[in-house]
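Top to bottom, those sequences are chains A and B. Sequential numbering of the first sequence, starting at 1, is according to our numbering. Sequential numbering of the second sequence, starting at 1, is according to our numbering.
Please keep in mind that the hints were generated in silico from the structure rather than gathered at the bench. Do not rely on the hints blindly, as some may be mistaken.
Intra- or inter-copy, both count: the list cannot distinguish identical chains.
Below, a list of computed lysine-lysine pairs in the DSBU-like style, where the Cα atoms sit at most 35 Å apart [stated by the list, open to error]:
1. K50 / K40
2. K3 / K40
3. K3 / K34
4. K50 / K34
5. K50 / K3
Protein chains: 2
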Amino acid sequence: MTKGEDTRDRILQHAMAIASEVGFEGLSIGGLAKSAEMSKSGLFAHFESKEDLQLQVLAAARRSFVDNVVAPSFRVGRGEPRIRALFEEWLTWEEGRVTPGGCPFVTASHEYDDRPGPVRDAVVAAQRDWVGAIATAAQIAIDEGHFRIDLDTDQFAFELFGIFLSFHLYYRLLDDPEARQRARTAFERLIESSR
Amino acid sequence: MTKGEDTRDRILQHAMAIASEVGFEGLSIGGLAKSAEMSKSGLFAHFESKEDLQLQVLAAARRSFVDNVVAPSFRVGRGEPRIRALFEEWLTWEEGRVTPGGCPFVTASHEYDDRPGPVRDAVVAAQRDWVGAIATAAQIAIDEGHFRIDLDTDQFAFELFGIFLSFHLYYRLLDDPEARQRARTAFERLIESSR
DNA sequence: GATAAATTAGTACGAACGTTCGTTTTTGTC
DNA sequence: GACAAAAACGAACGTTCGTACTAATTTATC
Chain A
1 MTKGEDTRDR
11 ILQHAMAIAS
21 EVGFEGLSIG
31 GLAKSAEMSK
41 SGLFAHFESK
51 EDLQLQVLAA
61 ARRSFVDNVV
71 APSFRVGRGE
81 PRIRALFEEW
91 LTWEEGRVTP
101 GGCPFVTASH
111 EYDDRPGPVR
121 DAVVAAQRDW
131 VGAIATAAQI
141 AIDEGHFRID
151 LDTDQFAFEL
161 FGIFLSFHLY
171 YRLLDDPEAR
181 QRARTAFERL
191 IESSR
Chain B
1 MTKGEDTRDR
11 ILQHAMAIAS
21 EVGFEGLSIG
31 GLAKSAEMSK
41 SGLFAHFESK
51 EDLQLQVLAA
61 ARRSFVDNVV
71 APSFRVGRGE
81 PRIRALFEEW
91 LTWEEGRVTP
101 GGCPFVTASH
111 EYDDRPGPVR
121 DAVVAAQRDW
131 VGAIATAAQI
141 AIDEGHFRID
151 LDTDQFAFEL
161 FGIFLSFHLY
171 YRLLDDPEAR
181 QRARTAFERL
191 IESSR
């Protein structure tokens with residue numbers, strides 16, 4: 001790994017952290033440079049535009065999400081156990097161990113839901129992928145005999161995402177100390193009705 | 001109503017629309033002035049700062065939410081029917097008949113969940129109010145005998161909010177034409193388990 | 001250690017930002 | 001219609017934005 005790639009990765013880590021707090025539009029070159037402790041122009045030389053920066057931050061966030069949420073879950077057994085792991089890792093990811101402001105995709109989803117362009121396209125692709133992965137995990141749980149055979153896996157993904165998003169709201173905005181417990185309760189109800 | 005109050009209201013309508021699309025931070029005085037077809041300074045004279053503008057937009061959004069979502073629901077019977085009406089009106093509100101970008105509070109919630117200050121405080125207050133109103137509606141449904149007596153009304157609010165937020169994501173970002181149907185299905189499952 | 005390449009820094013740009021000011025136009029009252 | 005008050009305007013402030021250039025410095029290769 002060359003020096004340039006090294007600092008570029010360091011920049012992207014800072015950028016992910018900032019974007020998780022103030023969003024991808026709120027992310028500024030000057031502020032990012034200050035955070036990374038380098039000059040604005042020196043930093044900007046690594047990207048061809050701000051949009052390119054935003055796209056690269058999104059790509060970095062996807063890699064981080066796979067490493068921190070998806071990969072660990074695939075080390076536990078198929079079916080319901082894996083879905084449980086997925087959900088717990090997902091909540092932990094949202095709690096901000098990696099990014100102080102929580103999941104950057106939640107931020108991005110709301111910033112770009114009415115803002116056409118390449119960044120929105122990338123966010124949509126990322127979320128579609130993730131929703132699809134949840135549905136696939138549910139299908140595996142069906143195949144394993146954990147979930148009932150007529151379960152609507154897309155509906156399962158929809159409802160699981162809802163629990164996560166409500167957790168985000170209660171945890172981040174409302175500062176509800178019981179947020180995680182509420183999410184778990186809702187999760188159990190969803191699992192129960194999927195059996 | 002004096003002339004000044006009249007145009008101030010008109011400004012707030014434009015501002016609500018813009019904020020629902022690009023957020024409260026993305027809202028700019030210049031852009032708003034262009035939308036309202038008046039000069040930047042003339043518009044700014046109605047507010048003592050941008051933050052004051054943001055707070056007034058939030059207040060206007062609350063009034064609009066009460067008019068468009070809460071009030072109609074209170075014209076139907078207490079208990080489960082009212083909760084059904086509340087939910088349907090809420091989804092319709094999100095679909096953007098009033099504000100093109102959907103619910104301004106969803107936007108604001110994600111913009112300010114990591115941004116301390118008076119605006120965040122106002123958003124938190126608004127959302128706490130609404131969550132409380134949902135829980136109260138659930139309590140009424142218990143009193144009416146529609147819901148089971150040991151139902152956790154706060155948990156009910158948490159889960160209902162989750163369905164709404166997932167609807168937001170599927171409808172606005174993923175452009176899922178079945179979003180509303182998915183929300184309804186999840187809603188029915190929640191109601192069923194509350195009886 | 002010399003030399004070329006890759007990486008950072010410095011400076012400047014035009015545009016947009018929120019905000020202030022003095023002036024002009026419009027409004028409502030006698 | 002005179003007059004004061006209210007409302008809207010135009011211009012400018014200092015700052016920050018993203019981006020473009022060139023110069024200096026660091027890194028890698030021989």
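Do the hints match the structure? See the list:
no., hint, verdict
1, K50 / K40, "both (12 Å within a copy, 27 Å between copies)"
2, K3 / K40, "within (18 Å within a copy, 47 Å between copies)"
3, K3 / K34, "within (19 Å within a copy, 47 Å between copies)"
4, K50 / K34, "both (16 Å within a copy, 25 Å between copies)"
5, K50 / K3, "within (21 Å within a copy, 43 Å between copies)"
Checked against the numbered hints above, the structure breaks none of them.
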